[in-house]
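Student: Chain by chain, the residues run as shown.
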Amino acid sequence: MSLGRRGFLQFCLGAGAGITFSPLPWKLMDDISIWSQTFRGIPIEVPVPPVGEVNIEKSVCTLCPGGCGISVRKIKNRAVKIEGAEGHPINDGGICILGVAGLYQLYGGARVKGPLKRAGNRGEGKWEEISWSAAISEISKKLSQIRRNGSAHTVACISGKDRGTVPQLFKRLLTAYGSPNFISMPSSEDTERLGLKLMQGEDASVGYDLENARYILSFGSGLIDGWGSPVRVFRANSAWREEAVKGLAKVVQIEPRLSNTAAKADRWVPIAPGTEAALALGFAHVIIKERRYNKNFVMNHCFGFEDWTDNSGKVHKGLKRMVLKDYSPDVVSEITGISVSKIVALAREFARAKRPLAVCGRGKGSTPEGLQEFMAIYALNTLVGNINKTGGVRALPEVRTTAWPGVAQDAIAKRGMNQPRFDRAGTKAFPVTESLFNQLSGLMNTGKGAYTLSALLVYGANPYYTAHDKAAVAEALDSIPFIVSFSSHMDETAQHADFILPSHTNLERYEDVPTPAGLNVPIIGLSRPVVDPEYDTKHVGDTVIALGKSIDGIADSFVWDDYESLLKETMGGKWDTLIGEGYWKDAGYSPAAWSSGFKTPSGKFEFFATGLYRAGIRSHNDNDYLPRYKPVVLEGDPGSYPLVLIPIESTRLADGAVANPPYLTKTVADTVLKNNDIFVEVNPKTAAAYGLSEGAVAMLKTPTGEVKVRTHMYEGVRPGVVAIPTGLGHSAYDDYLSGKGVNANEVIGTVEDPISGLDIAWGSRASLVGII
Amino acid sequence: MFPFCFEWHWDLGHMVFHGALWYALSILGIGLTYAAIKSFIDLKKGGHH
Amino acid sequence: MDSALIPQGVKRCPFPQFALWIGFLSIFMLWAVVAAGVAWIKGLNTTNLNDYFGFGAWITADLAVIALGGGAFFTGFMRYILGIEDFKHILNFAVIIGFVCYSSALVILGLDVGQPLRSWFIFWHANVHSMLTEVAFCISCYFTVLTIEYIPLVLENRQLDKIPLVHNFSHNLHRIMAVFAATGAFLSFFHQGSLGGTVGVLFGRPFGFREHFAIWPTAFFLFIISAMACGPCFTILVTRITELITRKKLVKQNVIAKLAKVSGWLMVAYLALKMIDTVYWAMVTLPNMGVSVMDMYPESPFTIWILIAELGFCGAIPAIILITEKGRNNNFLLVPATILSCFGAILNRYVMTVQTLALPVLPFDKFVNYIPNWVEWVTSLAPFVYLALLISLSYRYLPVFPQEKELNP
Amino acid sequence: MKEEHKEGAHGHKEKYKYGMVIDLDKCTGCGACMVACMTENNVPFRKDESNKLVSTAWMRVFKATNGKSYPDIDVCYFPRPCMHCEGEHGHAPCVSVCPATATDYNYETGIVSQIYTRCFGCRYCMAACPYHARYFNWWDPVWPDKMEKALSPDVSPRMRGVVEKCSFCFHRFQRARDHAYAEGRREIREDEYQTACTQACPADAIIFGDLNNPEHKVYKLKKSPYAFRLLERLGTNPKVYYLSTRSWVRRAGDNYLAGERSK
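Chains as they are written, first to last, in the numbering used here: chain B, 1 to 772; chain H, 1001 to 1049; chain Z, 2001 to 2409; chain G, 3001 to 3263.
Among the clues, some could well be false.
To be verified - With beta-carbon atoms standing in for the labels, derived distance ranges:
1. Z:Phe2015 / H:Phe1040: 55 to 65 Å
2. B:Lys117 / G:Lys3068: 53 to 63 Å
3. G:Pro3071 / H:Leu1012: 54 to 64 Å
4. Z:Ser2300 / G:Ala3258: 20 to 30 Å
5. G:Lys3068 / B:Leu324: 31 to 41 Å
6. G:Lys3068 / Z:Pro2287: 47 to 57 Å
7. Z:Leu2407 / H:Leu1012: 26 to 36 Å
What the hints assert, rightly or not - Think about it this way: if two alpha-carbon atoms lie no more than 25 Å apart in a straight line, the pair counts; the simulated DSS-like pairs of lysine-lysine are:
8. B:Lys126 / B:Lys142
9. B:Lys674 / G:Lys3063
10. B:Lys549 / B:Lys585
11. G:Lys3149 / B:Lys76
12. B:Lys142 / B:Lys171
13. Z:Lys2366 / G:Lys3063
14. G:Lys3068 / Z:Lys2366
15. G:Lys3052 / B:Lys708
Stated by the list, open to error - Going by beta-carbon spacing under 8 Å, a handful of chain Z positions derived as facing chain H:
16. Ser2026
17. Leu2030
18. Phe2137
19. Pro2164
20. Leu2165
21. Asn2172
22. Leu2173
23. Val2179
24. Phe2367
25. Asn2369
26. Asn2373
27. Trp2374
Hints listed in this document are in silico derivations from the structure and should not be mistaken for laboratory results. Glycine included, C-beta positions come from ideal geometry on N, C-alpha and C.
Isolated chain B, as found in the complex:
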């Protein structure tokens, strides 16, 4: 056979075409494909989540006090997704970043898996597992002994909040035991409640009718950075944006840094840090001078606007005289760094606007503002007459629930309760304040306290992390010989405890959720167990009842079988609604009329807080009773600390007692956290002045402490200001959380409000020195 080159070529052409169109190669490869894709049955080693019956369970999120309704998607008994509950009056289907990441609190790391007793030194991390019954009996034995020794009042409780059945149960425990020292962690709500008590005579929270307001003057409130009930405010903000397009709404944000709220506002007013009260009074000056205030309301329903004469015939200064004298736009401009024309223009806009609203509480509202500052900002609402009006402010009463039987106090309890509070709240020093956590460290570390604390119960709070001047707080708390933590997670405080009695997480338990801060209607939510407890934990309410029953002499005050029956009894007729809807809303609520709305002795709204006088605060200066700007004197001299440090509060970093789940940390920009370095924001001008470039490593020094940071240049920060993110720098929990950045509370100290005694430190003096 002879095959020439040409012949061969022809053969190839033909055969190639033939094979191309035959099914042979195709079929062979298909077989290999199928074999390889099902190799070992599954594609590589990745978990295959089991399927199962789908269940949706409704509950209320308690990761923040926002009170949002959630619906949890479950596959059999696994919770796989948290979503916002449709139709819930607070969030209607929306959910915040922390809530949606909530499963990490349940399934993630750092859960305390059962009762623990400290084995090594404090904070060493050595624990001994112990049974619930043994733990309860050991703790109650210890507490009984303290009680027997006549030191019942030296036992304190730090609680994250003071409203709701669980904090009240702790309070009851102390009352029956004989200690007045129930201390709740501070927030701007403390000042606001105090202000309302003085100006309107009511024990109530300020309700802001944000949904209906159309001109929002925010004095540094991080309206969309986590202030109030976050989702609710987001929704209000969206409504404003819709109205703003039509020219019907306007938001003005007064803040030294261009926060998200400032960026989304229609106008950003970059004010000198801490001078908000001066600006508010500057606005008041313009409004009063130009007679733009609501004459009907101010003349007929307010007290202390004009000068007044007391029973002894002494003439007292009214708001009008003080404001007109002390807060002319020139003066205010000098203080705040805002131009006179802008002050005048904004004041006029506010007074002219349909449904104006002034909002206060800096950032998320985790630090209280000064009492007089609150009064100054709140006075703007009064001047335009939006108290108890649509789109205005109102004193929001607590939802009424069935009262508990009275506490059966024995002699020891009575004696203990007669002792002054350790934190001096309600004593002569600070007669109007209920609780002063910030006083603890000063009194304890200097030994100036009326007595020494011998035991501490901590629930829903993480003071070792969240308190200003962290080091001083740690030193103070460490000196308490006996600490019991009820935390579900191994947080910084639990780390320093002697016993940990772990509670169920929010998805494993019942709890009532009181009206969140700032809401405009009274509401109560019900948090429900969505899944069975993952670990050997217990409902904190049951733990407290168990303690109450086993501490000598106080069992009579704890008659309930368990927390669930207590809650059911407390909610009374609302229980069925709570179970059905997940919340109970006071549908009939409407703010009181002006004529009957004020419970002050004068029956009017009081610009001049006579309540302070009655409480025993004596001053010859009438200004001490009026809304006023009194500069907060930050520690440290401007020579060594030329800059001002302010915190950056963001929704993406949970900075309270609930730590940031890794999902959130993942969303944080690399200009906030890079590897384990935290970035502080400075204006490029400031950076240039201190020889710092983008990303430069520097020491941030304040009178409270010093930390290593990196600098991020941001045009949105006022020159001369350094801004530090909060919510980082945990030393407890798991590897996903700890060691990332620094805790801003290490460098922010405390500043005491002269009247309330609350810590009102909105920042600190600071210096920033580059490290080469």
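Knowing the structure of chain B, use the given hints to seat chains H, Z and G on it.
Tutor: Using the frame of chain B, we list chains H, Z and G on its own:
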């Protein structure tokens, strides 16, 4: 690549591409087979170049 | 020691010296194998690649070695299809270079994918619209061709050739080599082009995108021509290096000069077309996308100088040397010219991959640079060591250079 | 209009064309959409996610500034899901380049899919996507403690070495379609199929629906004078629209030559 894969949709591109591909592959295969067979035949014949 | 394996009539260095040299090269290869192992076992997190730079050193290396290996197909094309007989004296060598380049490219591609075990999905679930599919098919096919072209040379080893069947097989392959060469050339034109196409079709990336001519972006054609131009340059360069190391003349100057001339004129053509392409891209394509040409060269290292370096220093200068008779016949001009030309090709491939990805497209996105880490460097440079290794072995044991005996009597 | 849509539904054209409208005036940059997406789609997290170049976020919120200095600076957030580009006739930048057909344009829904078990990780699609919407699994996913319990069976977790991206929660579409069919309906209602980010967004800034259906909110919103899309000029034809009343924000959505007028 093939109609029995899911999300398949026919395209003129398939014809052109696969035509050219299998054409080239076939030529290579046939060429090699030819050279191999021919070598055996030559060996049988005892021819040595 | 191994003299029985060495082709007759040529002189080779003593075995110990050779062994030492091979050992030296093997150490580096071993290092590369370790690097590859790290990437394969631990995954691509061991590299500096990231979501912004899905393509990095490896794709640059792939494109570069394929361009440099273009000498094989083009020399074969000229020898078998155009019938320029002179080139048969360098063809064997060009095939070895091509074989190394293409096998390296395949290995590097195997490294570069996240699931190497699924690499064959590219054939199985092939998307015929993807340039990468075309590349994968053509490269694998053409690698087969190169193997077929390399086999006869291996079989010509003195000892192997003694076996009648082997002898016959290599003889028969030789006889029909034109068919393979033609197929190879056909495949090569496509995949060289498709490699340009991979970047040219990215209409989301203004820097890389080029207008289409027929169904291909202009980069398709430019890559073919540039591979045809720089491939022979690399062949010449490696020949000269081999000659330097062996201290022997291995290929006659007229062959080299002819190859250089062809390469030079192709470079001229390439540069002309590339200029037109660049101007059109700058004046029409980019403005339509809302970007100016200077936006494409924002900051170091991607300034306008990189373009000047590619087209001027590494383009025009070698082209001028190669097209002038004096230039290509003077080793002191020829060798630098080939180096510049090869470097130009590598630079072009680097720019087309890395710069394309480095430039942010979203106005609020940021510029990110990328520097390969050791795993990438070692594996990307390994082809050159591998080339030295295979040339050393082939040169010693195979009759690679037909003119060697004549030139070194 | 209504008729046209119906005709389209039975013809060869796409039945649905799902898309999104994101109101940047309302978006607060809170990041809830990012986490909602991660928890819905089994996206893992690592101990250190601060290297954003290897951090997977199907929905990523970009921060843009107007480039001015204090106090004129302004900031806007751009939530960026996958744009599900239609390109010309479904030739999205990524779909046409994928060598293994591991990503596909679904003509029934207009959704660009990603088949994880078919992807072999060449990352060509990532090079093609100007939005950086595609992410590579540089590591095998690890869920600490009991976090594996929180995995949804609706979305398969991805293995190392493959590319993933936003799917417009395609499993939710399937669920809605099955539900509708079970009730004997051919059409899916607007509220039946919503993505996880849309559902979560506390500011209601994300609106999702069928861009071809005049009864869906997105249909009207996309025609707003404030509407724009990202990098429209490249011809990617994305299905995610943005709204902003701020002109600098609209200009930041695309590239423009100096002096050129923006949309």
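Student: For every hint, state whether the structure bears it out.
Tutor: Evaluated hints:
Remark: the range hint 55 to 65 Å for Phe2015 (chain Z) to Phe1040 (chain H) is contradicted by a beta-carbon distance near 36 Å. The supplied range of 53 to 63 Å is met by Lys117 (chain B) and Lys3068 (chain G), whose beta-carbon atoms lie about 59 Å from each other. With their beta carbons about 60 Å apart, Pro3071 (chain G) and Leu1012 (chain H) fall inside the hinted range of 54 to 64 Å. The hinted window of 20 to 30 Å between Ser2300 (chain Z) and Ala3258 (chain G) holds, with their beta carbons roughly 22 Å apart.
Checking the proposed 31 to 41 Å range against Lys3068 (chain G) and Leu324 (chain B) shows it holds: the Cβ atoms sit about 38 Å from each other. Take Lys3068 (chain G) and Pro2287 (chain Z): their Cβ atoms lie about 26 Å apart, and the range 47 to 57 Å is violated. Distance hint check: the CB atoms of Leu2407 (chain Z) and Leu1012 (chain H) are about 54 Å apart, inconsistent with the given range 26 to 36 Å. The suggested pairing of Lys126 (chain B) with Lys142 (chain B) holds, with an alpha-carbon distance near 21 Å, which does not exceed 25 Å.
With a CA separation close to 17 Å, the supplied pair Lys674 (chain B) and Lys3063 (chain G) stays within the 25 Å bound. A C-alpha spacing of about 34 Å is found between Lys549 (chain B) and Lys585 (chain B), which places the hinted pair above 25 Å, so the restraint is violated. Annotation: proposed proximity of Lys3149 (chain G) to Lys76 (chain B) holds, straight-line Cα distance about 11 Å (limit 25 Å). A threshold of 25 Å between alpha carbons decides the hint, and for Lys142 (chain B) with Lys171 (chain B) the separation of about 19 Å falls inside it, so the pair holds.
Taken as a hint, the Lys2366 (chain Z) and Lys3063 (chain G) pair is honoured in the structure, with Cα atoms around 11 Å apart against an allowance of 25 Å. Restraint check for Lys3068 (chain G) and Lys2366 (chain Z): satisfied, since their Cα atoms lie roughly 17 Å apart, inside the 25 Å limit. A distance of roughly 22 Å separates the Cα atoms of Lys3052 (chain G) and Lys708 (chain B); the hinted pair therefore holds under the 25 Å criterion. Nearest Cβ of chain H to the Cβ of Ser2026 (chain Z): about 31 Å, over the 8 Å cut. The hint is violated.
Annotation: Leu2030 (chain Z) was flagged as interfacial toward chain H, and the flag is violated, the nearest CB pair being 33 Å apart, outside 8 Å. With a least beta-carbon distance of about 6 Å to chain H, the hint placing Phe2137 (chain Z) at the interface is held under the 8 Å criterion. With a cut of 8 Å, the hint placing Pro2164 (chain Z) at the interface with chain H holds, because the nearest CB-to-CB distance is about 6 Å. Nearest Cβ of chain H to the Cβ of Leu2165 (chain Z): about 5 Å, under the 8 Å cut. The hint holds.
Given the 8 Å rule on beta carbons, the hint for Asn2172 (chain Z) holds: about 4 Å separates it from the nearest Cβ of chain H. Hint status for Leu2173 (chain Z) relative to chain H: holds, with the closest Cβ pair at about 5 Å, below 8 Å. Against a cut-off of 8 Å between C-beta atoms, the interface hint on Val2179 (chain Z) holds, since the closest Cβ of chain H lies about 5 Å away. Taking 8 Å as the C-beta cut-off, the interface hint given for Phe2367 (chain Z) is violated, the closest approach to chain H being about 36 Å.
At about 37 Å, the closest approach between the beta carbon of Asn2369 (chain Z) and any beta carbon in chain H exceeds 8 Å, and the interface hint on this residue is violated. Evaluation of the Asn2373 (chain Z) hint against chain H yields a violated restraint, the C-beta minimum of about 35 Å exceeding 8 Å. The criterion of a C-beta within 8 Å of any C-beta in chain H is not met by Trp2374 (chain Z), whose closest approach is roughly 37 Å, and the hint is violated.
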